[in-house]
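J.: The residues making up each chain are set out below.
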Amino acid sequence: MSLWALRGLRNGVVTTKWPKRPDGYADGWRGPAVVQNQDVAEPVGLGELCPTGAISAGAGASTRAVRLDQGRCILCGRCAEARPDVFAWSAGATGSDAAALTREGLVLPHLPEDDEAIGAARARLRERTAALRRSVHVRHVDGGSDGSEEWEVQALLGPVYDIHRLGVFFTASPRHADVLLVTGAGSAGMAGPLRATYEAMPDPRVVIAAGADAVSGGLLSAGLNSAGPNSAGPDSAGPDSAGPDGGSATVMGGVSGIVPVDVWVPGSPPSPFGILNALLIAVGRLADDWKGAR
Amino acid sequence: MTLPASETGAAELWEKLAARIAAGDRFAGLFAALRSPHSGDAAAGAALVLSAHVAAGAGIDTMQVALPPGAAGYPALTPLVGAAFWYERVIHDQFGVVPRGHPRLAPLVLHGSAEDHALPRHVAGYGMFTIPHGPVRSGVMESIEYLVETPGEAIPHLNMRVFYKHRGIEKRFEGMSAADGVLLAERAEGIASVAHALAYCHAIERIAGCSPPELAGLVRVLHAELERIANHVDVAAKLADAAGLAVAAARFAVHKERVLRLVSGLCGSRFGRGVVVPGGVSARPRMSPGALLTELGRLEKAVMADADSLMATSSFLDRLRTTGPLTPARAREHGALGPIGRASGFSADARTERPYDAYPSLGLLPVRAHETGDALARLAVRWDEVVQSFDLLRRVARELAGTAAGELAGTDGGGATAAACEPAAGRAAGWAEAPQGEVLYDVTLEDGRISRCHPRSASFHNLVLMHDVFAGDILTDFPFIEASFGLSVAGVAL
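Taken in sequence, the protein lines are chains E and D. Start counting at 1 in the first sequence, then tack on 12, and there's your number in the working numbering. Start counting at 1 in the second sequence, then tack on 2, and there's your number in the working numbering.
Think of the hints as simulated: they come from the structure by calculation, not from any bench. Be a bit skeptical, because a hint or two may be false.
To be verified - With the C-beta cut set under 10 Å, the calculated list includes, among others, these residues of chain E facing chain D:
#1 Asp126
#2 Leu169
#3 Met202
Glycine is no exception: its CB is placed at the ideal position from the N, C-alpha and C atoms.
Can you make the complete structure from the sequences, with help from the hints?
T.: This is the structure we're talking about:
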């Protein structure tokens, strides 16, 4: 018989101090791609770099020619590799830049009207979540994920991230839940159970879409090499030979068609710090860090 | 290749297949695809081609038969080869073609009608009731529904509904380029990203006739074995959690996080995504072999010390011993993959039987077989594999240090990490040993694009065995049995 209680003391405290103190691993994280230079003389072919159609180049006649939808980015890194003059990895899964309060907020760089909408969404969310800021109960639902997202959510319950120290708890019953944390692209089979879970929650409730799959469907819904974030629809590539196994028809483009999403988290999968960050943003706990951007 | 287009062809083929399996070969999969009319008789319409895969010795043989165009059914394979049970249900879901004589043709990966989903009652008797458990389950879990038929404690029958997560992965592959396909393969079963990418790339490389450079083979083994350790430690954490050993569960969770952080330190992704590409790997590890060896040493010491303690905690062992036994006969008959098979005396390990990448040169030996087949044996097999993985990883790190490329780790100069791989057309099978067992990909390319790709995860092949392991086990054994299987639902309902 081994004394597990004593073994548990062996390594001292392994828990991160974030968000009180910065964490080297959180900030050294490789995040979704960003546009570091949108004034490209020859934007031709930039859109084709992305396997999920996250990049739109020169389509809009606005001043910002190259835009990138982080909600579609699956972190394959092809754009940053092929055109390091235009694209780069973002650093850090935490802070105000790592999750958005509107879907458009993930499309970089922002347009002026996006910033207005984000401000309004933030004010509305703040009002709703004022009462549950210090004690939050979360219900997780897998809406058709690849399985890796669950690992990253489970990591939050371990000693390293330990969300209990922040007053955040996972609950089995949607009746006790304040936050609905959804992973996965929104498969047809999970649409009903997901909706039922949302409806079983009391108001006020907040929905987080965690990961590129939950935000946009990611690689599952995107048209290969399509023109950009606004034009990419369900893909019908290939001969229509699989009968009722309608592939992309099975998967919707993210979970926002099933439940109303408040916080959008990029990443494929999103890192534990990214999900933790989104949970705190959802209940206004990082409000003081919100300066500008989104 | 001309195919006999007749139903008797199917019956004859099944006879041959059953004879081979009786002689010791292993059933590895049954897939269906429509052969486009232009490659055959355009006027007759598309024919459904059934491809059965058989693992025999050093290769995977594909036996196929074309059904007549417009055929509504064919004689089922399941009565002869029981392992085809779920495969034929998937084919029925996808194409509507009826395997005649199939014992239970309910929808598996697609929604059926409302009647199909009325609570099934397979066991009748006084006080029997059904507990529907899922798809939204307590805790952070993947979506699956278990229908537990019980008189209160015992579980005389268990039924599973896996269709909730069906994402249409097979269909999504169609039309993708060979280079893009690997991104989707990594997302077919996220906790075995590397193994799926490997199996896919092996098929692509077989079509293109290229082989990855030696350095790439080492980096592939590096990530595949780290993925194995992360998965096995995760299983240990879940088993400890089920037994209420909070400290043990927490410690294994810390070890798992350390493994994932090591992986992200090596490649930037916690799941090794983006490493494996057709022809090799995308880059060298970002960590020097020396630093890798140091971290591996620390990690192994920490993991194995807790593993030894866990395997000496009698209150824990009592919960696992004789729990969820899979008989060796059933394991052999089904061709149970991975640790589940190895715990029941059936050893199918793609790394030793059909070695790939750097495994042949590293000299991997099969792990010790266990015969008891219970949850404890499955955990013991996992620890044996973890020990073996650390040993392999140390050898990989030393090899990396020995190569010139090792000195250049982290820079862009030096030896190649990938061979040119530009496949045009063809069909091949590829495999890799995931932590859950063998992953099999059957890829067909036309004009450099995927026309059909069947991924078959070990989770899909093995999960059906959950039907057969509740011998006298009760409701409180359920989490142990589920955790000891260590499967991913995403890989089941592709």
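J.: Any CB of chain D closer than 10 Å to the CB of leucine 169 of chain E?
T.: Since chain D brings a Cβ to about 7 Å from leucine 169 of chain E, closer than 10 Å, the hint holds.
J.: Would the hint on methionine 202 of chain E stand, with a C-beta cut-off of 10 Å toward chain D?
T.: holds (5 Å)
J.: Less than 10 Å between beta-carbons is the criterion; does aspartate 126 of chain E satisfy it with respect to chain D?
T.: violated (28 Å)
Against the hints set out earlier in the document, a violation occurs for number 1 only.
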